[in-house]
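One line per chain: the protein sequences are A and B, in this order. Anchor point for the first sequence: position 66 equals 68 in our numbering, and the numbering is continuous, going up by one each time. Anchor point for the second sequence: position 30 equals 69 in our numbering, and the numbering is continuous, going up by one each time.
Taking lysine to any residue and the SDA-like style, the derived pairs with C-alpha atoms no more than 20 Å apart in a straight line are:
no.: 1; chain 1: A; residue 1: 29; chain 2: B; residue 2: 165
no.: 2; chain 1: B; residue 1: 250; chain 2: A; residue 2: 8
no.: 3; chain 1: B; residue 1: 83; chain 2: A; residue 2: 45
no.: 4; chain 1: A; residue 1: 29; chain 2: B; residue 2: 217
no.: 5; chain 1: B; residue 1: 250; chain 2: A; residue 2: 13
no.: 6; chain 1: B; residue 1: 570; chain 2: B; residue 2: 601
no.: 7; chain 1: B; residue 1: 109; chain 2: B; residue 2: 354
Coverage of chain B stretches by chain A, computed from C-beta distances (three or more under 8 Å per stretch; other residues unrestricted):
no.: 8; region: 144-156
no.: 9; region: 164-173
no.: 10; region: 220-228
no.: 11; region: 247-258
By construction, these hints were calculated from the structure, which means they are not laboratory data. By construction, the Cβ of each residue, glycine as well, lies at the ideal position given by its N, Cα and C atoms.
Here is what each chain is made of, one letter per residue.
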Amino acid sequence: MSVIVLLIIFSLLVAIIFLIAFIWSVKSGQYEDTYSPSVRILFDEKKRSDKKEKTDKNSPSSDENTSDKSTM
Amino acid sequence: MKEVKTLEKVSCYHCNDICSDEHLVFDEKDFCCNGCKTVYEILKDNDLCTYYDLDKNPGISLKSKSFEDKFAFLDNDEIVKMLVNFTEKQKSRIVFYIPAIHCSSCIWLLENLYKIHESIENSRVNFVRKEISIEYLHDQISLRELVELLASIGYEPYISLEDENKKKQHSVNRSLYIKIGVAGFAFGNIMLLSFPEYFGFSGLSDGFVQKFITTLNLLLSIPVVFYCASDYFKSAFQGLKQRFVSIDVPISLGILALFLRSLYEIIFDVGPGYLDSLAGLVFFLLIGRWFQNYTYDGLSFERDYKSYFPLAISKKKENKWESIAVANLKKGDWIGVRNQEVIPADGILLSEEAEIDYSFVTGESEPVRKLKGDLIYAGGRQTGSLIELEVTKPVSQSYLTQLWNNEAFQKKEETGMQSLVNVISKYFTIVILLIAVGAFVFWSFKDVGQAFYVFTAVLIVACPCALALSTPFTLGNVMRVFGKLGFYLKNAGVIEKMTEVTHGVFDKTGTLTMGSGASVQFEGELSDVEKKAVASITANSTHPLSQKIKRYLNSGGQIVGIKNYREESGKGISADFDGKRFLLGSKLYVLNGEAKCSKGEDISTSVYLKIDDNLKGRFVMKSQFRERLESVLIHLGKKLNLCLVSGDNESEKDQLSGIFPENSSLLFNRQPIQKLEYIKGLQKSGNKVMMIGDGLNDAGALKQSDVGISVMERSANFTPASDAILFSGNFRLLHRLFSFCFTARRIIIASFVISFLYNIVGLSFAITGHLSPLFAAVLMPLSSITVVAFATISVNFMAKLRGLV
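Chain A on its own, in the form it takes in the complex (with noise of 0.2 Å):
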């Protein structure tokens, strides 16, 4: 019967985590704007047409690093 102590143990680390991980979302910010993520997922990076050839800075929404995409 005692290893239902090991495995009660093992299940409450695991709910432990999750509880952690859901005070991180609130944390940052995760419970603030529920609506434009819904919204943001779905915007397609479009092509930009020929006649534009600006130095590219195609710094996908949050990420600083600016990546170059191949635009053309």
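Dock chain B against chain A, hints included.
Only chain B this time, still in chain A's reference frame:
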């Protein structure tokens, strides 16, 4: 309200406004004005036309908006420093509030700003709060250029320095979420661990496992009691200090009884304890609190004059203009106020003349003319060319802002003192304590151990979980119903306050009348050609009255041949057409002192028209009352004493006294401070007052009243601090919303009865000493769920029955 679109009419590709007969066609698309076309061009140049694919006609109309020097103050480093959230070597981040954000196209465009200007690193929209956070390279684009870019595509940010309140609100919300998470976690796990107990398997496992499980339960419940439930203890204690027994007192007693009893049982190995009930109770209570704390992030209920006033103003210093923060203005400063700018401080006019629009200070809808040397009060909006002023009082001591020094603005929000549940909780707590002590005394004659058992059992089972949930769930549901109808409440407590109101006080301009202003009537006769000519003449003028006349005549298509157009500001217009001289303007200007005006003393606003020497008649501006105003007032008048307190003149007194119920008092020419005093006077004689107003002139009265409702014309408009915001299109529903508050009250009382019934059942078990942990664990959630379901279903059912949803 809504215009019916006819098939022939074309609507603008950008903003969906109906285009007039002559509109711009560009790229085979129709545009109502140059502004809309420009935005389209900008977007097309940058390949951002997806904007138009996501939502149809998403744009914001740019009609008659210009901002030559409007954002000049953003060149001032001091102001930039105050606004920017953080700055590094090259990069800055700033958060703007943009009222115009309204659809998914807005999000898309605003998050693609980096394609329009390469110095913008990235931008992110918070749709719920209508905010955008932009990271930009401040060496390459100044804040002013950034703001002008946003404004040029129709998303003009609203710039102010008061955001402290909002941040506080968010941190409160976050901690509530975490508390719910922790309580839910503990509840689920304790429940799971107690499962063998429920089915009577406890005998099968050995003592060690049993001990292990109960100890684990105890550990799990510690954060629930000391973290999740801490607010209840605090608020109960604070209430008791002020000799006030709130619902939190019996809740805290119940939680403590549950915890201590379980602690005792587990430590002395007497039983498994009631920890599952404890965690469940706290979890449900927190859910209730979350449900009630429904807020409208996009709206602000706390605005003061600072949101109406500009951040900065140009000040003359050694013959040069420079931007200075308004808060730093001193007596004697020489300031310049441009067209459409708000005058930030009382001052003496140094320019020859000015046309000041005081509409949001006094409610007076037409501009006032001032001459050199006149004292001009802060809060007016200059219409016309730049004027210069000498400041006589700093901003905080100006005539209008003094209103905010009134004690009405110092008073703190009471903490739900008058809430129905707190009235009951006092008696509830006393009765429960009496029963518990009585049962203790009764049992102590037989068995002292059993007496303690019964005493705690009574406190546990009487813990008013269901009682405490009935109010938040009823009110939370009502708030959501109201929200769908464009009636936004600051908090749920407003609903209960509305049921106690005895007096309803209305403002006139912008509240009872349409904000878009007066309807025009022409007294006299005009031929079609003359109408066209007048329309074309007025089209040249930006004066609000000319605009109204033009819209009224709206003959479509301008005619050419207007000559010698001259506008004398504050007087009128003259022009030649077809060899005839048209004179249009004030009585004095048009009639030029002739005694011809036989219409009698008349204070309504009117514009006179003279062609050559014939007085053709006059355009009379009449306020247009809101849809179904009469029925709203009749129904409200059955429950309330109604009064009207207006800043406007008496010109519409007769009309209004016909609409208002008999013996309602109608007061005119009231200053903002007088409105406040009037409400205070009503309250002194024991009345509860509901104030319905709109502009800054009602701010004091709205704050002083028990329930302040401000009427909002469009979602982007600002409303002064108030308890509730009513969307003007739904003003006609006001009386039905009001009476629904009484329905809500009845629903709350009904759910009280249900929870009392559960309590009586539970108590009968507790007193006789039969309360098992399993029974408690079933009864508590069952009663809560019944009450929650009853409140939710009945609110929505009643709303449907009343035709509200």
